[in-house]
Amino acid sequence: MSFLTLERVAKLWPDGTSAVRGADLAIQEGELVVLLGPSGCGKTTTLRMIAGLESPTSGRIRLAGSDVTDLPPARRDVGFVFQFYALYPHMTVAENIAFPLECAGLSHGERDAAVRRVAERLGLVDLLQRRPRSLSGGDQQRVGLARAMVRRPRLWLMDEPLGSLDAARRAEMCELIRVQQLQDRVTTIYVTHDQEEAMRLADRVVVMSQGEIVQVGAPGEVYDHPATLFVARFVGSPGMNLVEGVVHRGEFQPARTDVRIPLAHAAPDGPAVLGARPEHVRLDPTGPLAGRVALDAEAGPWRHVHVEGPYGRVLAQTVERRGALRGAEARIAFDPTGIRLFDPESGRSLA
Amino acid sequence: MSPDSAPARRRGAGIAWGLVGPVLLLLVAFNVFPLVYNVVLSFTSRELVGDDWRWVGGANYERVFTDPLFAGALRRTALFVLCAVGAELVLGFVLALALVRGFRGKGAVLAVVLVPMMLSPAVMGLFGALVLNGNYGVLNQILGGLGLPQPQWLSDRGLKFWSVVLIDVWMWTPFMTLIALAGLSSIPAQVHEAAAIDRASRWRVFTRITLPMTAPLLGLAVLLRATDALKQFDLVMATTGPNDAATQTLSTLLYQVVFRDGKVGLGAAFACVVLVVVIALATVFTRYLEHLRRAREA
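One line per chain: the protein sequences are Y and V, in this order. Final position of the first sequence in numbering that gives the first Met the number 0 is 350; the numbers increase by one with none missing. Final position of the second sequence in numbering that gives the first Met the number 0 is 297; the numbers increase by one with none missing.
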């Protein structure tokens with residue numbers, strides 16, 4: 000029995016647009032699940048329905064064995080971290096963190112002790128007497144996190160908590176959240192549009208697009224075996240290279256070429272889209288596909304070389320610092336084990 | 000020529016004086032001069048008619064501080080400010096709480112609620128006198144129709160003061176509602192959501208979030224209303240007149256002394272004392288508001 004389950008949960012806005020279309024999801028106790036997708040894909044709405052801040056149009060939500068679909072947030076026992084912090088501006092940091100305990104009727108002594116403990120874990124001790132407005136964005140969000148943690152709720156729900164922080168702060172906070180979550184093993188659902196954040200944090204990633212869950216899996220699985228063209232494009236930075244063509248007798252022929260690329264796995268004959276991560280594409284003078292270098296960019300340890308040909312544009316990742324400069328002729332080859340095939344009609348993986 | 004050469008600077012100064020001058024002139028003519036002239040008058044025995052006057056030193060002030068009429072008016076005005084503004088604050092806030100949620104026809108309801116505030120106080124006073132009239136007033140006709148007693152709202156000694164308070168509340172509650180609405184709608188929806196997640200009861204949300212977050216704005220509204228109520232004049236003039244001992248406020252007493260009794264010197268002393276009281280109260284209040292603002296940003 001899963002700790003949290005969504006059964007055909009759907010949300011229709013009054014204006015008729017569909018935010019979430021029948022989401023099914025089962026989450027185990029202690030798991031950190033990331034809802035990942037572009038803006039408007041329904042991930043935040045899904046999270047808000049789990050919190051009780053939004054009620055689903057249809058479907059059921061079960062938490063720890065009981066149906067909570069129609070319960071208000073207060074009766075679900077969850078902690079929520081808001082994208083824009085939503086701290087109480089007139090209260091000090093200490094009062095903000097203590098507020099859930101105050102509502103639970105704890106004495107001043109118990110509250111102070113609990114606030115102290117959380118503040119120490121999150122490095123907020125020196126800020127306890129300050130007010131939210133005088134804190135940086137990162138510090139404000141740590142207060143938001145502390146407020147969600149202090150009562151030890153059954154679920155931590157985080158709605159793009161790092162969305163308004165700068166890159167350096169984001170990496171630091173990401174680590175902080177994961178460490179805290181692993182320590183308490185509180186079941187956590189985390190919403191983000193940033194696939195790197197998702198990869199870094201998640202036990203499992205739930206990729207959403209246009210109100211639907213398109214893939215659920217471990218980060219590595221989603222990265223290595225995207226279920227659809229959308230996931231292939233969206234996950235990874237940059238996303239997967241996609242080349243249209245046809246499969247014929249175990250070989251792939253890119254469109255507008257007469258080149259044949261042998262496939263490691265069997266695939267049905269017919270039109271297909273070949274997907275390959277940049278790290279599975281190499282510059283190779285003997286490679287099958289010829290083209291011209293349209294762009295080359297440094298990417299830290301690697302160089303990204305964009306090769307353009309009649310088949311489209313393919314990005315190859317190379318460790319070589321020199322060679323294949325813009326405008327030059329180049330040939331590329333695919334690593335056979337890195338090749339994925341998709342149905343061009345449905346977008347689904349053919350593996 | 001460099002811009003900060005002597006002639007250019009002179010010309011700059013000329014423009015500056017040209018711009019500020021008219022305002023300065025108006026300020027001196029209509030604020031500074033009357034104030035100074037009033038202080039001068041307060042040490043004389045000047046009357047409204049006749050040129051026969053002399054310096055009397057502090058005699059007028061002595062009179063003000065010993066006059067039971069002044070003490071009475073001061074007490075009555077304080078009571079008026081306290082009761083009227085207090086009732087307006089509570090009623091206005093409750094009304095705002097009812098109106099803050101969106102519903103069909105909210106705009107129309109709000110417009111109707113705001114009407115009394117838009118009318119001139121003199122008109123509201125006359126209206127009030129009409130409604131509260133003991134013999135043919137609408138209120139008493141309704142009360143009579145229901146078989147209830149019909150008190151003499153504006154002539155009963157114990158009632159008329161409260162009738163004036165009632166008219167003021169009728170007129171100015173919408174103002175409090177308007178300001179409270181602005182305060183309430185400035186609380187972000189997410190703060191309420193956070194409170195729901197934190198399992199705050201409705202009462203706790205009200206006392207710990209809604210009230211403290213609207214308090215600074217309400218404080219400002221109270222300050223504005225209190226300074227205005229301190230000058231209460233129109234409503235009293237329109238209902239019971241300036242010389243009714245039961246409803247005489249500082250302003251109407253002042254009017255009585257200067258324009259009915261013609262004692263300009265005494266009235267001037269009187270006005271000076273009132274001014275000092277008002278400035279003292281306003282200072283205390285603005286300090287308090289400043290303190291609230293600082294505490295919030297610490």
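The hints are simulated quantities; they were obtained by calculation from the structure and are not laboratory data. Hints may contain errors.
[Said to hold, decoys possible] Okay, the calculated bits of chain V under chain Y, using three or more residues with CB under 8 Å as the criterion: (1) 182-194; (2) 202-215.
[As the list claims (entries may be wrong)] A partial selection of chain Y residues facing chain V, derived with a Cβ cut-off under 8 Å: (3) W12; (4) L52; (5) V77; (6) G78; (7) F79; (8) F81; (9) F98; (10) A113; (11) C173; (12) W301.
[To be verified] Simulated DEER-style distance windows between Cβ atoms: (13) Y:E109 x V:R293: 27 to 35 Å; (14) Y:G64 x V:V93: 37 to 45 Å; (15) V:L23 x Y:R132: 48 to 56 Å; (16) V:G133 x Y:P13: 52 to 60 Å; (17) V:V283 x Y:A166: 45 to 53 Å; (18) Y:R132 x V:V277: 31 to 39 Å; (19) Y:R115 x V:S200: 42 to 50 Å; (20) Y:E109 x V:V93: 49 to 57 Å; (21) Y:E109 x V:A244: 32 to 40 Å; (22) V:G106 x Y:P13: 17 to 25 Å; (23) V:S200 x Y:H303: 52 to 60 Å; (24) V:S200 x Y:E109: 15 to 23 Å.
A virtual CB, placed ideally from N, CA and C, is assigned to each residue, including glycine.
For the pair V:S200 and Y:E109, does the Cβ-Cβ distance stay inside 15 to 23 Å?
-> Between V:S200 and Y:E109, where Cβ atoms are some 19 Å apart, the hint holds.
Verify the coverage statement for the segment 202-215 of chain V against chain Y, using a C-beta to C-beta distance below 8 Å and requiring 3 or more qualifying residues.
-> With 5 residues closer than 8 Å to chain Y, the segment 202-215 of chain V meets the three-residue bar; holds.
With respect to the beta-carbon atoms only, verify the hint that Y:R115 and V:S200 lie 42 to 50 Å apart.
-> Roughly 25 Å apart at Cβ, these two residues miss the hinted range, so it is violated.
Could you check if Y:L52 really has its C-beta closer than 8 Å to a C-beta on chain V?
-> holds (5 Å)
Starting from the range 32 to 40 Å, see whether the pair Y:E109 and V:A244 falls in it by beta-carbon distance.
-> violated (60 Å)
Does the Cβ-Cβ separation between Y:R132 and V:V277 fall within 31 to 39 Å?
-> holds (34 Å)
At the C-beta level, are V:G133 and Y:P13 separated by a distance inside 52 to 60 Å?
-> holds (54 Å)
For the hint on Y:F81, just tell me whether its beta-carbon gets within less than 8 Å of chain V.
-> holds (5 Å)
Does the interface hint hold: is Y:G78 within less than 8 Å of chain V, judged Cβ to Cβ?
-> Y:G78 check passes; min Cβ-Cβ to chain V is 7 Å, inside 8 Å.
Does the Cβ distance between V:L23 and Y:R132 fall inside 48 to 56 Å?
-> For V:L23 and Y:R132 the Cβ distance comes to about 39 Å; the hint is violated.
Lying within 17 to 25 Å: is that true of the beta-carbon distance V:G106 to Y:P13?
-> holds (20 Å)
Per-stretch coverage check for the segment 182-194 of chain V, three Cβ contacts closer than 8 Å to chain Y = holds (count 6)
Violated hints, listed in ascending order, are 3, 10, 11, 12, 15, 19, 20, 21; each of the other numbered hints is respected by the structure.
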